[in-house]
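Asker: Each chain, written out:
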Amino acid sequence: MHRDGPLVQARGSAEVPGLQASHKIFAMTEQRVSYTMDSTLETVDSAEQAASRIAAEAGFDDEEVMKIAMAVREAAVNAVLHGNAYDPGKKVGLDFERTGHDLVITIRDQGKGLDPKKIPDPLAPENLLKTSGRGIFLIRSFMDEVHIHPSQAGTEIKLIKHVHGPAAGGKEASP
Amino acid sequence: MSMKISTRQINGVTIVDCSGRITLGEGSVTLRDTVRELLSRSQKKILLNLGDVNYIDSSGIGELVSAFTTVRNQGGELKLLNLTKKVHDLLQITKLYTVFDVKEDETAAVKAFD
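Protein chains in written order, with this note's numbering: chain A, 1 to 175; chain B, 1 to 114.
No lab work stands behind these hints: they were computed from the structure. Just so we're clear, the structure is a prediction, and the values are computed from it rather than from any experiment. Warning: the hint list may mix true and false statements.
Straight-line Cα separation of at most 27 Å, DSS-like style, residue types lysine-lysine; simulated pairs [what the hints assert, rightly or not]: (1) B:Lys95 x A:Lys67; (2) A:Lys118 x B:Lys103; (3) A:Lys130 x B:Lys86; (4) B:Lys95 x A:Lys118.
Stretches of chain B that chain A covers, calculated by requiring three or more beta carbons in the stretch to come under 8 Å of a beta carbon on chain A [what the hints assert, rightly or not]: (5) 37 to 44; (6) 70 to 78.
Glycine included, each C-beta is placed from N, C-alpha and C at the ideal position.
So that you can see chain B by itself, here it is in the shape it has in the complex (with noise of 0.2 Å):
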C-alpha cells in the first residue's frame, strides 16, 4: 500500500492531503517531492494531513522532521493536522510531539497560520 497525496489551497495555506504509509523508499520520496515543489512555488504554508496515514516508520519520521526543518529554513511554516494514534504516539515517544505544531481541527490550523 502505496502513499497517496494530493494539495489544495485555502486562505494561502497549502494543505497537503496525505493518506496510507510513510515509510523508507516510495512514501518518504513522496512526501519530499512534494515538499519540495511547494517551496519551488514559494507555497511556503503548509499543513501536512496526516489523517489518513496509518503507518509510518522511522524513515518518515525523518522525513517529516526534513519537511519540517526544510520549510522552516526557507521562512516557511509546516504544520500537521489530524494524526492517527500511531503516528501521535510515535512522535511522543520520540518527543517530537512537541517540537511540531500538532492541529487537530482544520479550520483552526488555516487561521493559525496568520
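For reference, chain A alone in the conformation it holds in the complex (with noise of 0.2 Å):
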C-alpha cells in the first residue's frame, strides 16, 4: 500500500457539529478531510469535535479516542491563541488522514511560528506552578508522534496515532 496513491472520493459530507458550512472549504474522501476555519474558540471546540468523531470512526478505543481529542484541541488552542492570535485574516488548516496504519493530523496556522526549542518544560520544578504551557507537553503524551514544523508563514504541527487491531489496514469500524 502506498501512503501517497490516490485519494477516494467520498460518498458523504464532512460535517462537523459547531462548525459553520462557510468555514469548510474542502472536501472528504474516505481518507481525508480537511478544513480551513476561523481563528475563534469555536475552531477549538469544533476541532476537537472533529477529531473524536474521526478517530472514533477509525477505530480507536473511548480512551484513545478523548486523547485524540485532546491533543487535537491542545493544537487549536495553540494555533488560534498563540500562532494567530485571534486574528480574523488568519486561518486555521485542520486535515485529517488515514493512512493503513496511522491517523495523522495536521493543524496549520499563519503566525510567526513556533520554535519548540523555546517551550520550557511544564514539568520542572519551577514551573509546576505556571498557570500556562503544557498544552504541547499534554499533545506529546497523547499521540505517538508529534512534529512542529515553525516557519515565517505559520507553525504546521503533525500529531500521528498507530492504528492497532482491527482498525488497521484503514477499514471502516463495525458500528
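Dock chain one against chain two, each of which comes alone in its own frame, and use the hints as you go.
Answerer: This is how it looks when you write it as C-alpha cells:
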C-alpha cells in the first residue's frame, strides 16, 4: 500500500457539529478530510469534535479517542491563541488523514512560528505552578508522534496515532 | 456543554461544586470569577468538588493552578475533592497531583481545613 496513492472520493459529507458550512472549503474522501477555519474559540471546539468523531470512526477505543481529541484541542488552542492571536484575517487549517497504519492530523496556523526549543519544560519544579505552557506537553503525551514545523508563514504541527487492532489497514470500524 | 458551579458552606469551609467542562473560555472564567468572589468575601477555605467535571484541558489545569496560588497568596487554602479518572490522570502526568491537596471524602476534607 502506498501512502500517497490516489484518494477515494467521498460518498458522504464531512459535517462537524458547530462548524459553519462557510468555514469548510474542502471536501472529504474516505481517507482525508480538510477544513479551513476562523481563529475563534468555536474553532477549538469544532476541531475537538471532528477529531473525536474521526478517531472513533477509525476504530480507536474510547480512551484513545479522548486522548486524540484532547491533543487536537490543544493544538487548535495554540493555533488560534498563540499562532493567529484571534486575528480574523488568519485561518487555521486542519487535516485528518487515515493511512494504512496511522491517523495523521495536521494543524496549521499563520502566526509567527512556534519554536519548540523555546517551550519551557512544564514538569520542571520552577514551572509546576505556572498557569500555562502545558499544551504541547499534553499533545506529546497523548500522541505517538508529534512533529512541529515552524516557519515564517506559520506553524504546522503533525500529530500521528498508530492504528492497532482490527482498524489497521484503514478499514471502517464496526458500527 | 458549559460549566456549572454552586457553592455551599460547611463549618466555615466553602464547598464549590463544579460540573461540566473546565476549558478555555467560559469554564475557566466561571471558576476564576467564583474563586475571586469568595476571596473578596474573605471565604478563604475553599474545597473544589470536581466530582462532576468530566473534562479539563490545559487552560483548565492552568485555572486550577491559578486558583490554588491565588488563594494561598491571600492566606487561604484550596483543596480538591472527588477527582474523576480523567482529571486525576491529567494531574498525575503534569506532576500536579502532589502539588494539590486532593481529598476523596467530603467530611474528612472539611475537617482537614482545621
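Asker: Could you check the structure against the hints above and give me the numbers of any it violates, in ascending order?
Answerer: 2, 5 and 6
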